[in-house]
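Residue numbers (this note's numbering), protein chains in the order written: chain A, 115 to 491; chain B, 746 to 851; chain C, 189 to 648.
The set of hints was computed from the structure by calculation and includes no laboratory data.
For every residue, glycine included, the Cβ atom is placed at its ideal position computed from N, Cα and C.
Hints may be right or wrong, so weigh each one.
Have a look at the derived ranges for each label pair, beta carbon to beta carbon [stated by the list, open to error]:
hint: 1; chain 1: B; residue 1: Met746; chain 2: A; residue 2: Leu278; range: 19 to 25 Å
hint: 2; chain 1: C; residue 1: Arg273; chain 2: A; residue 2: Ala277; range: 52 to 58 Å
hint: 3; chain 1: A; residue 1: Ala277; chain 2: C; residue 2: Asp559; range: 24 to 30 Å
hint: 4; chain 1: A; residue 1: Pro172; chain 2: C; residue 2: Asp281; range: 50 to 56 Å
Read off the chains here:
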Amino acid sequence: MREILDCDVAIVGGGIVGGSAALFLRRMGLSVTLLERDWCGAKASGVNFGGVRRQGRPLEQLPLSQRAHAIWGRLPELIGTDAEYIRSGHLKLARSAPDLQALIDYRERSAGFGLDLEIVEGEAFRRRFPALGDRALGGSLCPEDGHANPRLVSPAFARAAAALGAVVREQTPVDRVERDDAGRFVLLSGEGLEVRATHLLNTAGAWSRRVADAFGEPVPLVSLHPNMAVTEPLPRFLDVNIGVEGGGVYGRQVPRGNMVVGGGRGFALDPDRARPQRDAMLSLMHDAAELFPQIRHAHVIRCWTGVEGYTPDRNPVIGPSRTTPNLFHAFGFSGAGFQIGPAVGEALAELIRDGRSSAPLDAFRIDRFPPTTITTP
Amino acid sequence: MALLQRVAEQGRRVVRFTLDGIPVEALEGDTVLTAMLTNGDRLRRSEFADTPRAGFCLMGACQDCWVRTEEGERLRSCGTFIEDGMRLVSRGEWDQGGPGQGEAES
Amino acid sequence: MSGLRPVIVGAGPAGIRAAERLVAAGLRPTVVDEAARWGGQIYRQPPDGGFTRPKSALYGFEAGKADAVHQAMAAIRDRVDYKPRTLAWNCEDRALDLLGDGVSETLPFSHLILATGATDRVLPFPGWTLPGVFTLGGSQVALKFQGCAVGRRVAFLGTGPLLYLVAYQYLKAGVAVAGVFDTAPFDGQLRAAPGMLRDPATLAKGLLFVGWLRAHGVPIHNNVRPLRAEGTERVEALVWSRNGREERTVCDAVAFGLNLRSETQLADLAGCRFRFNEMDRAWLPERDAAGRSSVPGVYIAGDGGGIAGADAAELGGERAALALLEDAGLPVEADRVAVLDRRLARVAAFRRALSAAFPFPEDWASSIADDTMVCRCEGVSAGTLRAVATSGQAREINRAKALTRAGMGRCQGRMCGAATTELLARALNAGPGDVGRLRAQPPIKPLPVAAGRPSDEAAS
């Protein structure tokens, strides 16, 4: 017997974007079915570095990022857990004069967005961040940025949506998706489940191409695998979340004492799974120990990576399909979707309810990628 | 006081090291675990609960026998041999401003 | 032939017999082992320097076998690349990553024999992290490898052949044995006796241990359930129950274990397919009778592919090496293969009987109190694990790990994996094979940050 679910909105993908979209749609009173092939929040949303950071984003992301910042401040109310979220500050280090200048420039350009960036350098920097004083000329501090435990946050959005009445089905791959004569979406999972919906949200992360392709809308999305490592617990030496201008290595110490560091890339085992790569692990350990000498005697107890979708311009695709009415995409966050994810979910809910979002999304239109540039592997 | 009791092989050369700053003795061929637990009853305190730990499997699987040197190095004590002059610590490094307190599992 | 680069991980009975067979065929295998000296856990040798006990004192009835295994390795020492004190911490793209002397190096292989052995399987009880509670295997290591007892008055708790063997060895070494507390019912052991007669020597040894212990006034209790180890800074007593009656036994150490569990992390990273094994109640790498895994050129020998003991490990190691030679197109003696296959088949039958004699305490998961710490690395309680299962948040062990941190610490679930599996299965009203398998992650054991190296150097 095939089970048939009828709803206003079907969502493919239960990561932080799909989960938060489901939650905000339910809060608006729309009926929602969320289908997740794995477990909600088990992919990139749940295994990322855990940085909750506005600083350093391209300016076009900052309005969404600011909205997300407000949502993060209400986590317990929204999802029933603080998920170890702390507003520790995010400090972006400059290891050269040009890098420091780049941070100063970014502060100027982002001045209207409310990040409250503060450039700290020289003696003041060493006094304020004694744990980091020798490795950088200075840095840019975003005092209200922070970090959280992604393993807890991301599943909690889908769980909160379910508590408000969303139908959430895990271990439920979408095998076929099409439109019926009335223009409604029909999603099939195996032989057992059929979901009919007026609107369709494609929030399938690195696998979003499958849905986009089904509607004649190929996108230049590639899967990459950010490499992470965590040490055994250490006495606290660091509260701020650390990044470096120009990229490379990043790190945060969780309140339990473990140091989480990231940098480099893992490799794909298959389209669904990835694993840390040996040279990436070893160079991450080396680079992290240079940046954080406090970990030089520690041990790495676990390395991991995930499967994340990247676009050529490293901005996500957010907004309506160009081929199919009532289809909306949100994917391709290119390694930076965790912090803005909840605001993207909220914006998608607005798009569906109102036809427009109060956050500017033009920069994320899917048609910025001309179809001619797209090559399907 | 000592957790482990020597019952054989006591004719080995004496090795001198310090445990929490106090000079003590072990025998050549002792692991750091044996050296510490024949002179005391723990290896360290747990990072999260401030309870004593003294290893468990003695064969490199449980990873519960990590100890610290005064220099800050960390040794898996069941698989490291004691050497003259080692300066080992069994007091909690979490005592001052460490994590753990109030970090109850949720 | 010179193109073959066989690598063996583990220098216990399986690894040594595998190496011996490859050397006999003219190959030069690399043997990687974490220990400083060969022999594995069961035939572990004392450290170099000043240890004088003869093998008869160290290995008892098994002294002959231990010596034969040690001699086998000594005889081929010059014809293998032996890497002691070396951890294989990763397997990727048909190469191992090794840590020795604080430096990581990558070792490509054409063929890989994983003889990674086993450690004690444990199920937590209140107080199991107190100083003085050690595994049975660990208690034996203390005695054999260090000439130490884990206490002055030791309680032996759990089930399996090792329970009686180690109690016996402690008694022989002059240590007071506070009692043997077997979680298995005695009638199960009687029922299993006919199956164990397939290996009369083993049965006779078991009876001798029991007889010796009884003759020396050591109480032996069956059908025991541990309630708690008491003490604040160290063990002061073991509180246990039988048939609902609570008893307290004063002791300063508890040696504890419920048979063994296989070390399977490298097989996982090598890409081997796993299958749930009902007898071991664990996910094990699939292997054929010769030890071939699902990955061509990767073989599993000894307890690392399922618990069968040291004799089976010797046979399995040699058999896996013969399979490797066959697969590489080299000649093998068909007669020898037939002999090994026959002996391995007999071991399997004996193994079933042992498992019947020392059954897993299936009621543990329903009886353990919520506040008992299950994951000793991360301090995760039974109640926390039950809560994520019964609330629907985790229907599978890797989800439970992600949400609770159980299995996420330094040991990567080696100590809590069995308990977490049983707890989830019970809470979800499922079988232990229905809640998934903890995925291995590199490094399979903690890796010093100092082993890192700059990327340009790594790329070269």
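Quick one: which hint numbers does this structure break? Sort them smallest to largest. Hint check: 1 and 4 fail, others pass.
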